[in-house]
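**Student:** Using the sequences and the hints given, assemble the complete structure.
Position one of the sequence shown corresponds to residue 202 (my numbering), numbered consecutively onward.
One should not assume that every hint holds.
With a cut-off of at most 20 Å between alpha-carbon atoms, the simulated EDC-like pairs for lysine to aspartate or glutamate come out as follows [what the hints assert, rightly or not]:
no., residue 1, residue 2
1, 227, 242
2, 324, 284
3, 286, 271
4, 235, 271
5, 356, 289
6, 326, 298
7, 286, 330
8, 347, 304
9, 356, 307
10, 240, 271
11, 248, 272
12, 286, 242
13, 347, 289
14, 268, 319
15, 324, 307
16, 235, 284
17, 326, 296
18, 256, 272
19, 227, 289
20, 326, 353
21, 352, 305
22, 227, 271
23, 326, 350
24, 228, 263
25, 286, 263
26, 347, 298
27, 235, 346
Just so you know, these hints were derived from the structure itself, not from any lab.
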Amino acid sequence: MSDNEYEDKGDSGALRLTNVQTGHLKKGSYVIIKNRPTKVDSISTSKPGKHGSAKCHIIANDIFTGKKVEEISPSQASMQAPEVKRNEYQVNDIDGDFLVLWDEVDSCQIEHIRIGEDPVGQKIKEMHESGLAILVTILSAMGEEKVIEVKEDTKA
202 MSDNEYEDKG DSGALRLTNV QTGHLKKGSY VIIKNRPTKV DSISTSKPGK HGSAKCHIIA
262 NDIFTGKKVE EISPSQASMQ APEVKRNEYQ VNDIDGDFLV LWDEVDSCQI EHIRIGEDPV
322 GQKIKEMHES GLAILVTILS AMGEEKVIEV KEDTKA
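**Tutor:** Below, the structure is given as structure tokens:
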């Protein structure tokens, strides 16, 4: 590779956020509440009163911890929405508490995803011990990643 050529595979690591008007949020939208990426579970809007604008009461769940959070915001205000990605990877191996995954798109190995102590993590360990080919779905947002789903790879 010469000095003028480079491989652009990197990510700056910057948070990818967009602004969204509170009044336009719907159930299932992603939004940042208390500096955490959340998924809106319900939203209700009050009518404008004599001395103020309409307010939105948002109830959401943290997409990584499942913790319920609430926010009240004017319907004309802007909130930030995170870029949430879902990617599917093939499990090559388990190294301690970490998964060794194969990314078919970039043709590289990923080794930094930790296996959780939740039912999904237990299912991964059980399927790996039985010798099954496994696919996992990784949810990523704001620099955090979590395994949210596991299934048998029928193509392998």
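**Student:** Each hint needs a verdict: does it hold in this structure or not?
**Tutor:** Evaluation of the provided hints:
The hinted pair formed by residue 227 and residue 242 meets the criterion: a straight-line CA distance of about 9 Å does not exceed 20 Å. Of the pairs offered as hints, the one joining residue 324 and residue 284 is violated, with about 28 Å between alpha carbons and a cut-off of 20 Å exceeded. Between residue 286 and residue 271 the alpha-carbon distance is near 23 Å, which puts this suggested pair outside the 20 Å criterion. For the hint linking residue 235 to residue 271, the alpha-carbon distance of about 9 Å falls within 20 Å, and the restraint holds.
Restraint check for residue 356 and residue 289: the C-alpha separation of about 13 Å stays at or below 20 Å, so the hint holds. Between residue 326 and residue 298, the direct Cα distance comes to roughly 10 Å. Compliance with the 20 Å bound is thereby established for this hinted pair. For the given pair, residue 286 sits about 28 Å from residue 330 by alpha-carbon distance, which is inconsistent with the 20 Å threshold. The hinted pair formed by residue 347 and residue 304 meets the criterion: a straight-line CA distance of about 16 Å does not exceed 20 Å.
Pair hint residue 356 plus residue 307 holds up; C-alpha atoms about 19 Å apart against a cutoff of 20 Å. Pair hint residue 240 plus residue 271 holds up; C-alpha atoms about 11 Å apart against a cutoff of 20 Å. Using a Cα cut-off of 20 Å, the hinted pair residue 248 and residue 272 holds, with the two alpha carbons roughly 17 Å apart. Of the supplied pair hints, the one linking residue 286 and residue 242 holds, its CA atoms being roughly 19 Å apart against a limit of 20 Å.
A threshold of 20 Å between alpha carbons decides the hint, and for residue 347 with residue 289 the separation of about 12 Å falls inside it, so the pair holds. Restraint check for residue 268 and residue 319: the C-alpha separation of about 14 Å stays at or below 20 Å, so the hint holds. With a CA separation close to 26 Å, the supplied pair residue 324 and residue 307 exceeds the 20 Å bound. A distance of roughly 16 Å separates the Cα atoms of residue 235 and residue 284; the hinted pair therefore holds under the 20 Å criterion.
Between residue 326 and residue 296 the CA atoms are separated by roughly 11 Å; this keeps the pair inside 20 Å, and the hint holds. As the CA atoms of residue 256 and residue 272 are separated by approximately 10 Å, the hinted pair is consistent with the 20 Å bound. For a cut-off of 20 Å, the pair hint linking residue 227 to residue 289 is broken: about 26 Å separates their Cα positions. Taking the CA atoms of residue 326 and residue 353, the gap is near 12 Å; set against the 20 Å cutoff, the hint holds.
Annotation: proposed proximity of residue 352 to residue 305 holds, straight-line Cα distance about 17 Å (limit 20 Å). Pair hint residue 227 plus residue 271 holds up; C-alpha atoms about 14 Å apart against a cutoff of 20 Å. For the given pair, residue 326 sits about 13 Å from residue 350 by alpha-carbon distance, which is consistent with the 20 Å threshold. For the proposed pair residue 228 and residue 263, the alpha carbon gap of about 14 Å is at most 20 Å, so the pair holds.
Proximity of residue 286 to residue 263 is assessed by CA-CA distance (about 15 Å); at most 20 Å being required, the pair is judged to hold. A hinted pair counts as satisfied when its Cα atoms are at most 20 Å apart, and residue 347 with residue 298 qualifies at roughly 13 Å. Proximity of residue 235 to residue 346 is assessed by CA-CA distance (about 18 Å); at most 20 Å being required, the pair is judged to hold.
In this structure, the earlier hints numbered 2, 3, 7, 15 and 19 are contradicted, and the remaining ones agree with it.
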